[in-house]
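Chemist: Per this note's numbering, the sequence shown runs over residues 75 to 406.
Please keep in mind that the hints were generated in silico from the structure rather than gathered at the bench.
Careful, some of the hints might be misleading.
Stated by the list, open to error - Listed next, with one range per pair, are the computed distances between beta-carbon atoms:
| id | residue 1 | residue 2 | range |
| --- | --- | --- | --- |
| 1 | 112 | 172 | 43 to 49 Å |
| 2 | 316 | 135 | 44 to 50 Å |
| 3 | 86 | 245 | 41 to 47 Å |
| 4 | 261 | 180 | 18 to 24 Å |
| 5 | 247 | 299 | 21 to 27 Å |
| 6 | 374 | 152 | 22 to 28 Å |
| 7 | 316 | 106 | 33 to 39 Å |
| 8 | 118 | 182 | 27 to 33 Å |
| 9 | 93 | 246 | 18 to 24 Å |
All of these numbers come straight from a predicted model, not from anything done at the bench.
Even for Gly, the Cβ is constructed at its ideal location relative to N, Cα and C.
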Amino acid sequence: MSSSSRQSRDRELPEGAPGTQASGLVLVDKPAGWTSHDVVGKVRRLAGTRKVGHAGTLDPMATGLLVVGFNKATRLLTAITGTDKTYLATIRLGVSTVTDDAEGEVLQTRLANAVTPERVAAAVAGLTGDLQQVPSAVSAIKLDGQRAYHRVRAGEDVRLDARPVTVRRFEVTDYRRAEDGTTVDLDVEVDCTSGTYIRALARDLGEALETGGHLTALRRTAVGPFSVADAVTLEDLAVRFTSTELSEAAAGLFPVRRLTGEEASELSFGRRIEATGSEGMVAAQAPDGTVVALICDQERQGRPESLSAKPEIVFAPAPAPARAPGQDGGRT
75 MSSSSRQSRD RELPEGAPGT QASGLVLVDK PAGWTSHDVV GKVRRLAGTR KVGHAGTLDP
135 MATGLLVVGF NKATRLLTAI TGTDKTYLAT IRLGVSTVTD DAEGEVLQTR LANAVTPERV
195 AAAVAGLTGD LQQVPSAVSA IKLDGQRAYH RVRAGEDVRL DARPVTVRRF EVTDYRRAED
255 GTTVDLDVEV DCTSGTYIRA LARDLGEALE TGGHLTALRR TAVGPFSVAD AVTLEDLAVR
315 FTSTELSEAA AGLFPVRRLT GEEASELSFG RRIEATGSEG MVAAQAPDGT VVALICDQER
375 QGRPESLSAK PEIVFAPAPA PARAPGQDGG RT
């Protein structure tokens, strides 16, 4: 790339674009009509780096929080994907669709005139807690190497196996009956584990009430400790690139173990250090505040007495060795 081309490209990047030098997370308020892949592509261009990913797909019709990582912070995304989520949704009772949302073809209509708030409350209670949930047939789950939604669109009858999920809270915040009584719209808020399909909750609620049901709106408001209140729009990001630096993000996600300089050096080479005494992943923080690695207590194979902290993900490079006086490479 010529110097003039690089200068032109740099002028197109927003203020604060990290390029390949920094790493962090961006909290994006995804607009309706965009796929999660579309958002990643946009952030790649705005950040000035190719290494970008996201922590959990949102459907095109959905809006809300999409956690995007760039450069080394992409290695945090797997851990973030597995955290709990919070959603605001609107469920329409009385209509079933192919996709369990408003974008799909209508399969069946059934009168919802017998639905009452009391019946809704009982059905919602039955869909709260530990569940075996059958994902929507148009999910991104792979069957024999092909996404389920591709098979549905090709005309196949797709049936997925039930999966364990936990719905920690399923609260109805508003109840609206259509003037003709044929449908009922429910505004709900859901706290759930990763892998829970809100479309499937809408479908199952409709079936429990013998009316059918589907989503007409969905917004994700929280992913683990991250809130949509702190997210930015893509338009704002195009003006000023704002992100959470990798070490700050990791320290906010996991308990922190403060290291000595020697421990930080050992971890940066992928070596074990003394056990943390904690369950699960821990952010290992060097004396300067940099998170060097994510570590987890593990026994060495066949040696129960050898519990130590193993680096699962190493972020920081090994520090350069200090030179002895006079070893300056021959420079004067």
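Chemist: Against this structure, judge whether each hint is valid.
Modeler: Here is what the structure says about each hint:
no. : hint                   : verdict
1   : 112 to 172: 43 to 49 Å : violated (23 Å)
2   : 316 to 135: 44 to 50 Å : violated (26 Å)
3   : 86 to 245: 41 to 47 Å  : holds (45 Å)
4   : 261 to 180: 18 to 24 Å : holds (22 Å)
5   : 247 to 299: 21 to 27 Å : holds (23 Å)
6   : 374 to 152: 22 to 28 Å : holds (24 Å)
7   : 316 to 106: 33 to 39 Å : violated (22 Å)
8   : 118 to 182: 27 to 33 Å : violated (42 Å)
9   : 93 to 246: 18 to 24 Å  : violated (47 Å)
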